[in-house]
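Once you have looked at the hints, place chain B on chain A.
These protein sequence lines are chains A and B, in that order. Here the numbering used here is used: the first residue of the first sequence is 8, the next is one more, and so on. Here the numbering used here is used: the first residue of the second sequence is 8, the next is one more, and so on.
Please keep in mind that the hints were generated in silico from the structure rather than gathered at the bench. We put the beta carbon where it would ideally sit given N, CA and C, even for glycine. Check before you lean on any hint, since a few could be wrong.
Unchecked claim - Now the stretches of chain A that chain B is said to cover, found in silico as 3 or more residues with beta-carbon under 8 Å:
#, region
1, 22-34
2, 70-79
3, 99-109
4, 189-196
5, 333-347
6, 364-378
To be verified - Some chain A residues close to chain B (C-beta under 10 Å, calculated; not the full set):
#, residue
7, R43
8, T57
9, L121
10, E146
11, D148
12, H152
13, S154
14, G155
15, E159
16, Q283
17, I290
18, T291
19, W295
20, P352
21, G354
22, G392
Next come the chains, spelled out residue by residue.
2 protein chains.
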Amino acid sequence: MSNEVITTMQLSELETPALILDSAIMDQNIQRLHDRLSQFKVTLRPHLKTNKSADVSRRIGEPGTPITVSTLKEAEYFLQHGWNDILYAVGIAANKFAHVASLMQKGARLTLVLDNTESARTLAQFCREQAITVPVLIEIDTDGHRSGVPPEAPLLLEVAGLLGRSDAESGAWLAGVMTHAGASYACTSTEAIEAMAEQERAGAVHAAQRLRSAGYAAPVVSVGSTPTAHFARSLDGVTEVRAGVYVFFDLVMRGLGVCSESDIALSVLCTVIGHQKEKGWVITDAGWMAMSRDRGTATQSVDQGYGVACNIDGQPIPDLVMIDANQEHGIICHRHDPGQTPMLPVGTLLRILPNHACSTAAQHSGYVVVAGTQDIKANWPRFSGW
Amino acid sequence: MSNEVITTMQLSELETPALILDSAIMDQNIQRLHDRLSQFKVTLRPHLKTNKSADVSRRIGEPGTPITVSTLKEAEYFLQHGWNDILYAVGIAANKFAHVASLMQKGARLTLVLDNTESARTLAQFCREQAITVPVLIEIDTDGHRSGVPPEAPLLLEVAGLLGRSDAESGAWLAGVMTHAGASYACTSTEAIEAMAEQERAGAVHAAQRLRSAGYAAPVVSVGSTPTAHFARSLDGVTEVRAGVYVFFDLVMRGLGVCSESDIALSVLCTVIGHQKEKGWVITDAGWMAMSRDRGTATQSVDQGYGVACNIDGQPIPDLVMIDANQEHGIICHRHDPGQTPMLPVGTLLRILPNHACSTAAQHSGYVVVAGTQDIKANWPRFSGW
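In isolation and in its complexed conformation, chain A is listed as follows (with noise of 0.2 Å):
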C-alpha cells in the first residue's frame, strides 16, 4: 500500500528547495496529543488535511481508524488507502452530492456536515431518491470565526427537523454536532487558550441537549483544533476530538505557546544563492512559493517573517529570519540589525521553520524523511488539490 521510497542519500545531495520531515519530532507530537487525550474519554478523529499523506496518516493511526478530511479528493484518496471512518468537515453543497454518493458506494462511512436549512433540504431530498443513508453532524458555531447555527439559535431546531432521527431506515439523519474553535488561533496567552476550549465544548454540548431534548439521539459531540486539544481541562459530553497541525506544529502554534520551536517537525531546505551585504541580506532560492504566503504570525507577538532560519541540523540560527520573498528568492536577515546578519556562504544550506504547517506542506509534491539526522530515511508523496 506505501509509496515509500527508501534512499541512503542526505540532505546535503538534494536538489533545493525541498520539504523536509523530522519524523522523530512527528512521533513525539503524535504521542504527545495520543497521551493527553488518553485521561479524557473521547476518540480522536484527525484532520489529515495537513499532512494529505498515507505514510505520515499511518503513523497517527492504523488505516480504519477515524479520520478527518477537508476535501472530497482526501476522503477519495484516505478511501483507496484503507480509511473508511471519514468526517467531511466543510458544509456540503448540491454539487458534492454524486462524489459523496460514488465514495460511499465504494465503502466509505461518510459524515457530512451542514448548517443551513437549505442545505439539509436539498441533501435529505438527494438521499430519498438514491436511497443512500448518510449520517450528518450540524455545524455548530461556538467562536463567531466562521460557519455554523449558535447554539442558542432556533435554526438548529429548524435544520433538524429536516433530517432524520436515525439510520433506521434510508436518508440523511442527524448524527450529532460539530464545531471547529478556530478563535483559539488568535489567542494570546495559554490561559485564553483554555478558555476557548471550555467555550468550544460547552457550546458544543449545548447544541446536542438541545437536539436530544427535542427526541434527537445526537450521539456525536464532535469539537477540536490543535491548540484547544492540547489545553481543554473538561471534554465532558464530548465524544470526539478533532485536530490536525499538531503532528507538524509551526511557528504559529509555537507564538500561542502550543509547542516550542524544537517542537516543529516541518522545514524548507534551501541553498544560499546571493548576498546583499550593505543590507543585511542573504538570498536562498526559497521563496513564497516554497513557504506560502502564509503570514500567520504577523498579528503574534512575534513577527517571524516567513520563517525561522536554522542551520541544516535544524537549529534555529539566533534571531534569523526570511524577512521578505519573491516567487522563488527568499531574504533572510538578523531580526533586529542588519548588520548582525552572518554572511553566510554562496551554498550554505539552511532550513527554514514554516509559520503555517497546512499552507507550506501544500506547496510541495512529497516529504524529504529524516529522524533528527541528516540521513534521508524516506520520500514520502503527498498531493493537492480538488
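Same frame as chain A, but now just chain B:
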C-alpha cells in the same frame, strides 16, 4: 504534444473549487503586450512561471521561441514540450549544476544567472571540468528589491573576470546582463511605473556598457516585469523583455493601473455553502487553499481581501469581496457595509478574481478553459513543485 482534453460541459456542472481561465481575455492580453513591444526592437522572452502549462504557453509563442523560467523543473517540462531557448532567471547554485548539465545534454540552450564571485567561480570550474559551454547573465540590481549587482559596483567586473568572453571555447561565458524591476509592483501611479521602467532600462544598459568597455561583447540586455513592460517609453539598448503575469493579469495589476478588472482572465469558481446572516457573511467552499494566502492588494489603495466576487459569467458583483479565508472556507462580504451583502442562496456559483495570478494558479493542477461563456472548452493541466 498537447494534453488538452475537449469537453462539452458547462461551468455549472463542475465540482468546486476549480480554477477558470477565460482564453478570450487571455488572448487579448497576449496580443496587447505583443503589439506594444512590436514598436521596439526587442525580443519578448515570456516568463512561464505564471502559467506552468504548455497549452497556455503555446498561445504566447510556438515551441522554440525564447522563454524564461523560475525553476529547473519548468525548464525540464518546457524542453520536453519543444522550447529549448530557456533563461533560468534565479541565481544558480552548485547543487543545481548536475541538473543543468543534464538539461543541456537533452538539447536545452540554457542561459544561467548569477550575481557573485563564488557562484561564478564554481560554475566556471564545473563547466571547464565537464567541457560544457553555457551563457551567463550577471543579474543587475536596478531597484534594490532583491538580488543583483548595482550597475556601478566594482563587483560587476570582478564577477565578469571569472567568466569567459565568448562561446568560442567551452566554459561559462558572459552573455550579458539581466534585471527585474520588481519594485514596480509597489508603484502608486503609472507615472511612477514609467520612471521605474526607465530606471530598469538605464541601469541594465549602463552595466552592459561597463562590461563592453572592459572588452566583453555582452550581447544580451534582458529587462522586465509586467508593469514596466507595459509602460516603458524607451527600450534603447535593451535586447529582450521578460513578463509573465500579463497573460492572465490579476487584482494587483489592476490596482497598479496596468489592467482593468475585465482584463483578468483567471478566477476561482466556488459554491455558496452557508451564511452568517447577522454578520452579512456568505460562506463559500473556496478558502485560502484555492486562492492562496496572497494578500498582494493589502498594501494598495484598494484592499481586495482575498479577491473580488463575480457571478458565474465573470461579472463583478458591486463591492462584494472575499474578506477572509479558512483553509477550505471563504467569507464573502460587502466591502463597506455588511448589511448590504446580498444573501446569495446556498448553491450559488461565484467566480473570485485573484490578487496574484502566480500564487493562485499554483494552488491548482489545471485550468478549466472557457471563452466568454459558461461552455467549457478544454481542461489544460499545469504542474508545480521543483
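Legend entry - Hint check, T291(A) versus chain B [nearest Cβ-Cβ separation less than 10 Å]: holds, 9 Å
Legend entry - Coverage claim, chain B over the region 99-109 of chain A, checked by counting residues with Cβ within 8 Å (three needed): holds (count 6)
Legend entry - When the least beta-carbon distance from T57(A) to chain B is tested against 10 Å, hint result: With a minimum Cβ separation of about 9 Å from chain B (threshold 10 Å), the hint on T57(A) holds.
Legend entry - Agreement of hint G155(A) with chain B interface, Cβ distance less than 10 Å: holds, 8 Å
Legend entry - Verdict on chain B covering the region 364-378 of chain A, criterion of 3 CB contacts below 8 Å: holds (count 6)
Inset, instruction - Answer holds if the nearest beta-carbon of chain B is closer than 10 Å to that of I290(A); otherwise answer violated. - result: holds, 5 Å
Legend entry - Restraint check, 10 Å cut-off on beta carbons, for P352(A) near chain B: OK, holds: P352(A) within 10 Å of chain B, min 7 Å.
Legend entry - Interface hint compliance - G392(A) to chain B, C-beta minimum distance less than 10 Å: holds, 5 Å
Legend entry - Hinted contact L121(A) with chain B - closest CB pair below 10 Å: Because about 8 Å separates L121(A) from the closest Cβ in chain B, which is inside the 10 Å limit, the hint holds.
Inset, instruction - Quick one: see if chain B covers the region 22-34 of chain A, three-plus residues with Cβ-Cβ under 8 Å. - result: Our answer is that it holds, as 4 residues pass the Cβ test (under 8 Å) against chain B, meeting three.
Legend entry - Status of the hint placing E146(A) at chain B (closest C-beta pair under 10 Å): Nearest chain B Cβ about 8 Å off; hint holds.
Inset, instruction - Under 10 Å, Cβ to Cβ, is where W295(A) needs to be relative to chain B, so tell me if that hint holds or is violated. - result: holds, 7 Å
Checked against the numbered hints given earlier, this structure breaks hints 4, 7, 15; the rest are met.
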